[in-house]
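A.B. asks: Sequence:
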Amino acid sequence: MNIGQAARASGVTAKMIRYYDEIGLVRPVSRTDANYREYDAREVNELRFIKRARSLGFSMEEITGLLSLWRDRGRPSREVKAIADKHVAALDTRIAEMQAMADTLRHLSHCCAGDDRPECPILADLTGGSEPTSARPKQAAHGRRRGRD
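Residue 179 in my numbering sits at position 114 of the sequence shown; the count goes up by one each step and never skips.
Please note: incorrect hints may appear among the correct ones.
[Stated by the list, open to error] The following label-pair restraints were derived from C-beta to C-beta distances:
{"hint": "1", "residue 1": "Ala149", "residue 2": "Gly89", "range": "22 to 32 Å"}
{"hint": "2", "residue 1": "Gly89", "residue 2": "Arg159", "range": "25 to 35 Å"}
{"hint": "3", "residue 1": "Ala165", "residue 2": "Pro141", "range": "34 to 44 Å"}
{"hint": "4", "residue 1": "Gln70", "residue 2": "Thr129", "range": "19 to 29 Å"}
Derived from the structure by calculation, the hints contain no laboratory data.
Just so we're clear, the structure is a prediction, and the values are computed from it rather than from any experiment.
Glycine included, every Cβ here is placed at the ideal spot set by N, Cα and C.
Let the hints inform the model, and build the full structure from the sequences given.
C.D. replies: See below:
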């Protein structure tokens with residue numbers, strides 16, 4: 066099958082299939098006389114494998130390792146499990162970090178009046194509590210500055 070057919074069968078875009086070919090992840094079975102890529106069921110299954118691994122957040126490096134293990138019918142499952150466990154630990158860390166960010170933003174949003182007042186704890190937190198120079202209080206209408214009488 067050609068690249069368009071392989072794309073439809075696998076759910077991976079032709080552009081991504083070309084990229085995977087370029088980096089050596091998936092190779093076409095052959096090329097036609099006109100240099101078009103040809104794929105068979107094995108490559109389509111590999112493309113589906115890659116798509117699913119990507120949907121689970123595996124990096125391209127991890128996918129390369131997993132794909133290599135999948136192709137090796139004599140692989141020890143402990144190697145696959147180790148990759149998966151390491152990925153789960155990384156996901157757990159990211160989830161905890163994102164939960165902390167959400168908690169902080171939820172707190173800041175709760176503290177913000179969200180009305181016409183210029184004071185905003187969200188902006189204050191983002192700037193470390195400092196105000197931009199353009200936000201300094203304006204001089205009195207009569208032109209006197211603070212500390213000068």
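A.B. asks: Work down the list of hints and note, for each, if the structure agrees.
C.D. replies: Hint check results:
Against the hinted window of 22 to 32 Å, the Cβ-Cβ separation of alanine 149 and glycine 89 comes to about 23 Å, which satisfies the hint. Checked against the given bound of 25 to 35 Å, the beta carbons of glycine 89 and arginine 159, roughly 28 Å apart, stay inside it. Hint check: alanine 165 to proline 141, Cβ distance near 37 Å, so the stated range 34 to 44 Å holds. The beta-carbon spacing between glutamine 70 and threonine 129, approximately 25 Å, falls within the hinted interval of 19 to 29 Å.
Consistency note: the structure conflicts with none of the earlier hints.
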